[in-house]
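**Q** The residues making up each chain are set out below.
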Amino acid sequence: MGAIWAVTQTEKGEAKGISFETIAAGQKLAAALGKPLEAVVLGAGVRGAAEKVAVRKVERVRLIDVPKLDPYTPDPYTAALQQAIEAEKPDFVLFPHTYQVRDWVPRLAAALDAGFVSDVVDFRAEGGEPVFVRQPYQGKLNADYVFAGTGLRLVSFQAGAFLADDAAKGDSAAEIVEQAVDLSGVEVRTQVLDTFQEVENKVDLSRADVIVAVGRGIGKQENLGLIEELAAALGGQLAASRPVCDNEWLPMDRQIGSSGQTVAPRLYLAVGISGAIQHLVGMKNSGTIVAINKDANAPIFSVADYGIVGDLFEVVPALTAKVREARGA
Amino acid sequence: MKIVVCIKQVPERDARLRIALDGKSVDTTGVATEINESDQYALEAGLRLAEGAGGEVVALLLGPDQAEEAIRRALAMGAARAIHLNDAAFQDGDASATAKALAAAARQEAPDLVLTGLQSDDAGWSQTGVLLAERLGWPSATLIMEIEQPADGRIKVKRELESGWFQWITLPLPAVLTIQSGIYPVRYATLKGIMGAKKKEMKKLGPLDLGLDPGEVGAAGRRVELHRLYVPVKTAQAEILGGDVATATAALVDRLQKEAKVL
Ligand SMILES: Cc1cc2nc3c(=O)[nH]c(=O)nc-3n(C[C@H](O)[C@H](O)[C@H](O)COP(=O)(O)OP(=O)(O)OC[C@H]3O[C@@H](n4cnc5c(N)ncnc54)[C@H](O)[C@@H]3O)c2cc1C
Ligand SMILES: Nc1ncnc2c1ncn2[C@@H]1O[C@H](COP(=O)(O)O)[C@@H](O)[C@H]1O
Chain A
1 MGAIWAVTQT EKGEAKGISF ETIAAGQKLA AALGKPLEAV VLGAGVRGAA
51 EKVAVRKVER VRLIDVPKLD PYTPDPYTAA LQQAIEAEKP DFVLFPHTYQ
101 VRDWVPRLAA ALDAGFVSDV VDFRAEGGEP VFVRQPYQGK LNADYVFAGT
151 GLRLVSFQAG AFLADDAAKG DSAAEIVEQA VDLSGVEVRT QVLDTFQEVE
201 NKVDLSRADV IVAVGRGIGK QENLGLIEEL AAALGGQLAA SRPVCDNEWL
251 PMDRQIGSSG QTVAPRLYLA VGISGAIQHL VGMKNSGTIV AINKDANAPI
301 FSVADYGIVG DLFEVVPALT AKVREARGA
Chain B
1 MKIVVCIKQV PERDARLRIA LDGKSVDTTG VATEINESDQ YALEAGLRLA
51 EGAGGEVVAL LLGPDQAEEA IRRALAMGAA RAIHLNDAAF QDGDASATAK
101 ALAAAARQEA PDLVLTGLQS DDAGWSQTGV LLAERLGWPS ATLIMEIEQP
151 ADGRIKVKRE LESGWFQWIT LPLPAVLTIQ SGIYPVRYAT LKGIMGAKKK
201 EMKKLGPLDL GLDPGEVGAA GRRVELHRLY VPVKTAQAEI LGGDVATATA
251 ALVDRLQKEA KVL
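Chains A and B, in that order, give the protein sequences. Oh and the first sequence: position 300 is 300 in our numbering, straight run, nothing missing. Oh and the second sequence: position 249 is 249 in our numbering, straight run, nothing missing.
Read the hints as simulated data drawn from the structure, not as lab findings. Where a beta carbon is used, it is the ideal one built from N, C-alpha and C, also for glycine. Careful: at least some of the hints might be erroneous.
[Claimed, not checked] DSSO-like cross-link-like pairs, simulated, lysine-lysine; straight-line CA separation at most 30 Å:
1) A:Lys-12 x B:Lys-261
2) A:Lys-202 x B:Lys-234
3) A:Lys-284 x B:Lys-261
4) A:Lys-16 x B:Lys-261
5) B:Lys-234 x A:Lys-294
[Said to hold, decoys possible] Covered, in the sense of this in silico footprint (three residues per stretch, anywhere, with C-beta under 8 Å from a C-beta of chain B), are these stretches of chain A:
6) 50–61
7) 173–182
[Said to hold, decoys possible] Under 10 Å between C-beta atoms, here's a sample of chain B residues computed to sit facing chain A:
8) Asp-27
9) Thr-28
10) Leu-171
11) Gly-242
12) Ala-250
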């Protein structure tokens, strides 16, 4: 019987926090299927990360520590894990669904001809077979997936689907074994020139008390005045979903989400935003969340405290007037 | 320079999604469609590269007859010609089976560059571009936000990383790039473009034309299977403030003042 592997993503020698979410998912899957869980830590100079991971309840930590794995590039990563998998033959290999995982794990899947269920939010076992839940159609629908055939199975878990704090600790630290891989023959085709942060954000939305965020539902740039007035009435900052910034209706530094800013104001108003996961990760910890959307089934309503289902072009002006009245302005 | 751009036809953003009787798919009858969002950006990026360096963009799509509409749009935007992988054997594939077919078609074209979207708005695997790169044996880079004209057989691109970080990298051609939404403003099809599209070549291919066994593509070639598609049960339910606009907005202000105490 093969093991379940939870692969840790490292950054500057540290295990990324989301890796512990993968371990939490792995512990749950291991319990459901009666298989052992092992952690895999790969990178360069990552023994410290492996020691942190070994505190969690896993059978062992497999350490793949090779200079060629820094900086991250897809070729040596793929080769390293492929060699380890071919040597040890795990049944499942689990990953966090990060940008880096999107960059190389499909390559691993193709190289090993393995199935890969990506961006999973939950799973359950049915007759010994795990059923993985995904949210296709931008989170509007749920889908149950199973693996076909008996080959190697790869799974990646959406950020926040499992909690890092739920990754139980072991009675004592797990053993760390060095997993031998030979990358001498691996050609690194990608050359990294520069890794950098775009010029400092001009607006720091993380300090805002009230945020009014606008999405594609606004239709066009000329309509933004409506939202600006509401933000002004509330004394809040204006923010946006990605498509609004992609279309250059608002500058990039107003974007909330996985590739924008992460905020937690006392009040977050989402107007004409559907609530895709990449947006939600940037704002779901806000105090009070209000959603205004014409679609009663929009996923944003599942994180909102209050909602109005309706046309924003009618709702927003009325709301602005009511807020002004309430604040005596 | 020759550039293949993979485009997928997906339901329009605000389309009402109905689950089909089989419980495994979306009923597409009468549902408006569009070119997947990040694929529109991939097409724009491909057209800019080809215009800059001289060369052509070939649109590549796997899908049923109805997907011709997406192909026409790509041709109207400026693709020189199109390849439509259209055969019953291609239906209901997962990312792996679809990538296998797309890779075979791309190989026949022998382009310098294959561009895909980062992620499809319906299936949302974010796998296909990288899968097809490995099938072709080519390097790849994902989440691309800027592309420079190739020089000396290498191409320089800017990748988006998490939380506001970016990275400039180079990779040798031929290569596969997956394009992130927002890379460049997407052009509209002009009337001239729409008229011209009617005369452009649209080649329809099946698995045998690609040297593939029908048993390794589509549903038969899947590594993962969709068992059930359903409307999610909402976890935390928002309090929906009903009534006419005046009533709903008054109720909201009242809640914000008295319950949430944020006003
Ligand atoms: C790797 C990656 C990173 C990403 N990073 C981010 C990120 O940082 N931030 C981000 O926001 N997104 C990000 N995205 C994109 C994300 O997946 C969604 O596509 C995006 O958040 C959708 O934006 P939206 O809700 O404004 O648009 P849509 O999904 O198009 O939703 C528009 C909404 O407006 C509603 N609407 C339309 N008209 C009206 C009206 N008249 N009145 C009321 N409601 C109306 C519709 O019902 C719909 O719900 C990322 C995606 C990927 C793949
Ligand atoms: N049927 C298809 N035809 C053409 N391109 C596709 C198809 N499916 C996926 N792609 C491409 O692969 C990208 C990623 O899709 P996915 O892996 O499903 O998220 C899309 O943005 C498209 O560019």
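**Q** For every hint, state whether the structure bears it out.
**A** Now for the hints, and whether the structure bears them out:
This hinted pair does not check out: Lys-12 (chain A) and Lys-261 (chain B) have alpha carbons roughly 42 Å apart, beyond 30 Å. In summary, the hint linking Lys-202 (chain A) to Lys-234 (chain B) is not supported, as the alpha carbons are separated by about 37 Å, beyond the 30 Å threshold. The straight-line distance between the Cα atoms of Lys-284 (chain A) and Lys-261 (chain B) is roughly 19 Å, inside the 30 Å bound, and the hint therefore holds. Note on Lys-16 (chain A) and Lys-261 (chain B): the hinted pairing is violated, with a Cα-Cα distance of about 36 Å set against a maximum of 30 Å.
Our distance criterion of 30 Å between C-alpha atoms is met by Lys-234 (chain B) and Lys-294 (chain A), whose separation comes to about 17 Å. Here's how the stretch 50–61 of chain A fares: 0 of its residues keep a CB closer than 8 Å to some CB of chain B, so the rule of at least three is not met and the hint is violated. Counting residues of the stretch 173–182 of chain A whose C-beta sits closer than 8 Å to any C-beta of chain B gives 0, which falls short of three, so the coverage hint is violated. Look at Asp-27 (chain B): its Cβ only gets to about 12 Å from chain A, farther than 10 Å, so that hint breaks.
Here the hint on Thr-28 (chain B) is broken, as its CB sits about 12 Å from the closest CB of chain A, past 10 Å. Against a cut-off of 10 Å between C-beta atoms, the interface hint on Leu-171 (chain B) holds, since the closest Cβ of chain A lies about 5 Å away. Checking Gly-242 (chain B) against chain A by beta carbon gives a least distance of about 8 Å; that is within 10 Å, so the hint holds. Below 10 Å, beta-carbon pairs count as interface contacts, and Ala-250 (chain B) has one with chain A at about 6 Å; its hint therefore holds.
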